[in-house]
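Colleague: Next come the chains, spelled out residue by residue.
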Amino acid sequence: MVKRTPFHERLEPLNQPEIWEHWAGYLAAPRYQYSDLAEYYSTRNAVSLFDTSPLFKYKFSGPDAEAFLSRVLARDIRKCRVGQAQYTIWCNEAGYVMEDGVIMRVSADEYWLTTAEPNLRYFRKLAKGANVTIEDISTQYGVLAIQGPHSLSTLGQLSDDIAELRFFRLTQTKMAGVDVTVSRTGFTGDLGYEIWVAADDALTLFDAIWEAGKGYNMTAIGSAALSIARIEAGLLLIDVDFHNARFAWTDAQRETPYELGWGWMFKKLHSDDRDFIGRAAIEKEIATGSSRWKTVGLAVDWRDYDRLHREAGIMTPKEGVLVQDTMSIYRRSDIPWQYAGYASSFMWSSLKKQHVAIAKLPFDLCEPGTEVDLEISVIRQPQYVLSRVVELPFFNPARKTARQA
Amino acid sequence: MSKNRKYDAIVIGGGHNGLVNGGYLAKAGLDVLVLEKRPFIGGAAITEELIPGFKFTTFSYALSLIRPDIVQDLNLAEHGMMTLPMPNGFHANAEGEYILLGDDHYQNYHEIARHSIEDAEAYDDYAHMLGRVQHAMKPLMDRVPPNPYSDDPADQADMAEFNEYMEGLEPDVQEMIQRFYTGSIADILDDYFESDLVKGYMSSSSIIGTMCSPRSKESGLVYLLHVMGERDGIFGEWGFHKEGNGGFTKVLRRAFEALGGTVECDVGVEKVIEENGKAVGVQLDTGEVISADVVVSSLDPRRTFMQLVDPATMPSELIGAIEAFKFQGSASKVNFALSDLPTFPGLEGRTDIFQGFTNIGPTIEYLEEAFQDALEGRISKRPFIDGCIQSTIDPDMAPAGKHIMSCFVMYTPYHLAESNWDTERETLGDIVQNTLNDIFPGFHDIVLHREVVTPLDIERVVGITEGNIFQGELFASQMFFNRPAPGWNQYRTPLSGYYQCGSGNHPGGCVMGGPGKLAAQQILKDRG
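As you go down the protein sequences, you meet chains A and B in turn. Going by this note's numbering, the first sequence opens with residue 1, and the numbers climb by one from there. Going by this note's numbering, the second sequence opens with residue 1, and the numbers climb by one from there.
To be clear, the hints were calculated from the coordinates, so they are not data collected in a lab. Take the hints with a grain of salt, since some may be wrong.
Some chain B residues well away from chain A (every beta-carbon gap over 10 Å; in silico) [said to hold, decoys possible]:
id	residue
1	79
2	106
3	117
4	120
5	122
6	132
7	190
8	234
9	258
10	321
11	363
12	418
Keeping only pairs whose Cα atoms sit at most 35 Å apart, straight-line, the calculated DSBU-like set for lysine-lysine is [to be verified]:
id	chain 1	residue 1	chain 2	residue 2
13	B	278	B	242
14	A	353	A	79
15	A	3	B	217
16	A	352	A	400
17	A	59	A	353
18	B	138	A	125
19	B	37	B	6
20	B	217	A	128
21	A	352	A	59
22	A	318	A	284
23	B	37	A	125
24	A	284	A	267
Restraint ranges, calculated between C-beta atoms of paired labels, are given here [said to hold, decoys possible]:
id	chain 1	residue 1	chain 2	residue 2	range
25	A	264	B	105	46 to 52 Å
26	A	94	B	50	27 to 33 Å
27	B	29	A	1	29 to 35 Å
Virtual Cβ for every residue (Gly too), placed ideally from N, Cα, C.
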């Protein structure tokens, strides 16, 4: 039977279209009202609430927890002190990315990790012999993402510990009398927080947050609004922008951290003596420059996009354009249709007033400003539209990381 | 001879392989006659209305392995082929525990997680590994196997190409193929799963119709063959043909006749007629002789080489191999007409749980015990049952509100140590019915009619030696290079113009059509 998150009882009456989708076997709302864009803007203008409970949650505890995670995770977990969180990835031995996730160090010997797909068996198999206990705590906690410029104004009413909380830091505190773990993290690229609460206390917490958010027009958002925010934030989504190497059939479907733009995680590799999974392959990739492509932002030339639709006799589609699927990119040249790479997420950014895409391109086409052709469909006809490489993220407000939020 | 009726080709036996073979030959422009001994076509793929309104799939009962190219080549959809998907599979024990798996990835995850959270995750790893093995093996199902025993340069080149293909596979895929080919399914499942119930469910395909248990080294290959089928492009998925597998063979007949083929039923073939070292026709049991350039036997290898022709005219090593070829049927059918659906405690009123295979064989241990009985020449006291209630999907299988339940049962050894099947037929029926009553309390009360089909019945009615449902055991020693005999794995026989196209040939048993299709390819190639 399809599962319900600990917040479902409160979210169910908020779901005006009464449409539910399934996320990891849980009921999840694609939207709570009829306008995805209005929902999206609550994250940029006010404060939004997103139920992220269906993610898989794992607890690593024991004296070997740090040593174990330094071997299994590609990013150096030893740099993550108690009270900090890390965006991390794990790779296979061949140096291809399996998954990404956020890990929190809640005490010296205890970490909590969220993942999109099941990983308990994967981690446990690697942990044989180590003094680390790995538990699936997915159903023990509910997690709410409270995101947007007024997220602090909302949560600050419930705990004094929030205002001090810096980007990717966490605090264990109380809200409405219940224990919560709050991290300043999120999937929107904005000021925001994620709050873990024991499943039994979930409704108490929800009610308190909802009440606190009322004065700031707090809006429950669904997956569609979140997608817009995460693409603007340049955050990659598994099964859309990359695929788990564990379930890929060929290396053409797999990608390395460098190809996905996560090379920054290895900046200090020379002074990092860890023997982590995939290290040898990643070092070889760095040394030989064997990366096949880079992940970049793409901004569509609005005049060209407009022209193509005007010449076809139709209005230019903007609001509602959201393609989380592959679209081909070609070299601009006298020879047509020279395949160069692909976009994996394409959409109209209402905030940027621009069509943007997350794209994979070969090295010679990766410099910001480089012009390429993106294939779109205009009244059933394939056309290419001039686009330029830009830096990711597309939107990165100072408040996201500001020390004093 | 001039007065005899004359065809380009005669196919002996109107089962699915005979009809597929005839279909391909007719499509190539040959004038083809299919001869069937029984009053209707279908062989072991028939649907019979034994009591008014209830359609019994007497023998085979589900479809998966039918080669997709046959469906296209013979235009089967045009002739009424309709494979109804099974939305669920149900695995249960007598303690009320169960696993219900369907089409949704995360529903399956959470369902397996009720038994083991690690197994739920392992299921994805296992499926991924299996998918890669299936993908690698599929081309081998659809080609004439090479002959490794021949010095003919063409055969040697063929063999070299095969080796190159196998060596070109990724090393872990090669390793897994080796393990499936030579090892037990229990050994493989132990690498992935911990729950006994999960392993029991996963292992059921490893024993179907074969005298082996999940711990026998033969079970890996039996498993692999059963998951090599596909439904709508999904490996390992099964479906019900509309009106049972008898409905499917009727489709094959229509397709064959539409291509200009002729079917004659109630016609037994006495022997293949040979002249100057060449097959020239058949003699019917009425004495009539029908001439043909090509004669194809869809019967099992024993009958093909030792009954339809004089074994004394065949090479002695071939006859030796055929004599050694193991049949030893071990499966039976017990089919029920039911007044209502069975009830599973806790899932009362749920029809959907019966819309696929209902698997009774909770654990590997259970299956091992059942096998032990068979080794000692007895019917399993607690048998493995693969139940299907097709009427929960196809309303034309039973009167409205009533149901037909097909039960495939193991182990029921052809050779009983201390009794015989004419005596034990109803004992088997009682064992199966009691087992079902343990799982589905009140089952006895809904039984309207029971049909018991023993291995002896399969032999007598369908004509397969010792009632083996695959026309011979699916042991590695009897597959691919050696099916049905070393050097004779390419559908030809020592007698020019005489071919074999039954399940005793590669790729083997199940309603697959592969042997029929590949034999036709070979015949047409030989005709040039």
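Colleague: Kindly indicate which numbered hints from before are broken by the structure, ordering the numbers from low to high.
Modeller: 2, 3, 4, 5, 6, 13, 14, 15, 17, 21, 22, 23, 25, 26, 27
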